[in-house]
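Residue numbers (this note's numbering), protein chains in the order written: chain A, 305 to 418; chain B, 4 to 116.
Where hints are given, some of them may not hold.
[To be verified] If you want the ones that stay clear, here's a sample from chain A, every Cβ over 10 Å from chain B, calculated:
no.	residue
1	319
2	323
3	332
4	350
5	362
6	367
7	373
8	379
9	390
10	396
11	410
[Unchecked claim] Pairwise CB distance ranges (calculated):
no.	chain 1	residue 1	chain 2	residue 2	range
12	A	324	B	42	22 to 30 Å
13	A	383	B	20	47 to 55 Å
14	A	305	B	74	32 to 40 Å
15	B	80	A	320	42 to 50 Å
16	A	324	B	64	35 to 43 Å
17	B	116	A	305	33 to 41 Å
18	B	43	A	346	17 to 25 Å
19	A	320	B	83	29 to 37 Å
20	B	116	A	372	44 to 52 Å
21	A	316	B	23	18 to 26 Å
22	A	413	B	68	47 to 55 Å
23	A	311	B	43	12 to 20 Å
Keep in mind the hints are simulated off the structure, nothing from the lab.
Treat the numbers as computed from the prediction; the structure is a model and nothing was measured.
Glycine included, every Cβ here is placed at the ideal spot set by N, Cα and C.
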Amino acid sequence: AQSVTQLGSHVSVSEGALVLLRCNYSSSVPPYLFWYVQYPNQGLQLLLKYTSAATLVKGINGFEAEFKKSETSFHLTKPSAHMSDAAEYFCAVSDPTGFQKLVFGTGTRLLVSP
Amino acid sequence: EAGVTQSPTHLIKTRGQQATLRCSPISGHTSVYWYQQALGLGLQFLLWYDEGEERNRGNFPPRFSGRQFPNYSSELNVNALELEDSALYLCASSLSNSNQPQHFGDGTRLSIL
Numbered sequence: 305a306q307s308v309t310q311l312g313s314h315v316s317v318s319e320g321a322l323v324l325l326r327c328n329y330s331s332s333v334p335p336y337l338f339w340y341v342q343y344p345n346q347g348l349q350l351l352l353k354y355t356s357a358a359t360l361v362k363g364i365n366g367f368e369a370e371f372k373k374s375e376t377s378f379h380l381t382k383p384s385a386h387m388s389d390a391a392e393y394f395c396a397v398s399d400p401t402g403f404q405k406l407v408f409g410t411g412t413r414l415l416v417s418p
Numbered sequence: 004e005a006g007v008t009q010s011p012t013h014l015i016k017t018r019g020q021q022a023t024l025r026c027s028p029i030s031g032h033t034s035v036y037w038y039q040q041a042l043g044l045g046l047q048f049l050l051w052y053d054e055g056e057e058r059n060r061g062n063f064p065p066r067f068s069g070r071q072f073p074n075y076s077s078e079l080n081v082n083a084l085e086l087e088d089s090a091l092y093l094c095a096s097s098l099s100n101s102n103q104p105q106h107f108g109d110g111t112r113l114s115i116l
């Protein structure tokens, strides 16, 4: 069975500060990993994905994530936060050999202050 | 390119009624997924359809069902509605390959009175 743990239900940063959202996964097979963002009253937007190619993945809006197998982590970072980054972020894992369902973490709400 | 579209945006029902939610995938996508986002329960996988067939089902009772049409659009039906079915229901679509990401619609908010 696969699972995802997102440490911190809320993360607060100042505008211009580094954003770090943590994600650890558990999977019995090499996983596919994803980060999605959800703005209020909207669906999920794909930020980036890891599907066993380069371990450092660059996504949209200046976000990137690094797959670290030894740490079973896939943390999301952005060098400089913008006010528009305030949203809820979800890490998800899927089993590439299985039934393609996404297993989501519980989400991290990013708050950005001026 | 049009994204995943869901209808209706909001749906209000009472206990015991039946609800039908609709989803149109991105053009060229043959896989459709349904997820439930309920307060306090997070995002839970409901159903996966591909090429008109149900391929996988999450841990939900049989009163949650659906289908996929020849044009790859999909319906989610929820029978005998209960208060705890109140949630945002999200539809996603993807190409069939397992390494293809799922793209989500804006959801249908189902409220049970």
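Task: Structure versus earlier hints - violations, ascending order - done: 4, 10, 11, 19, 21 and 22
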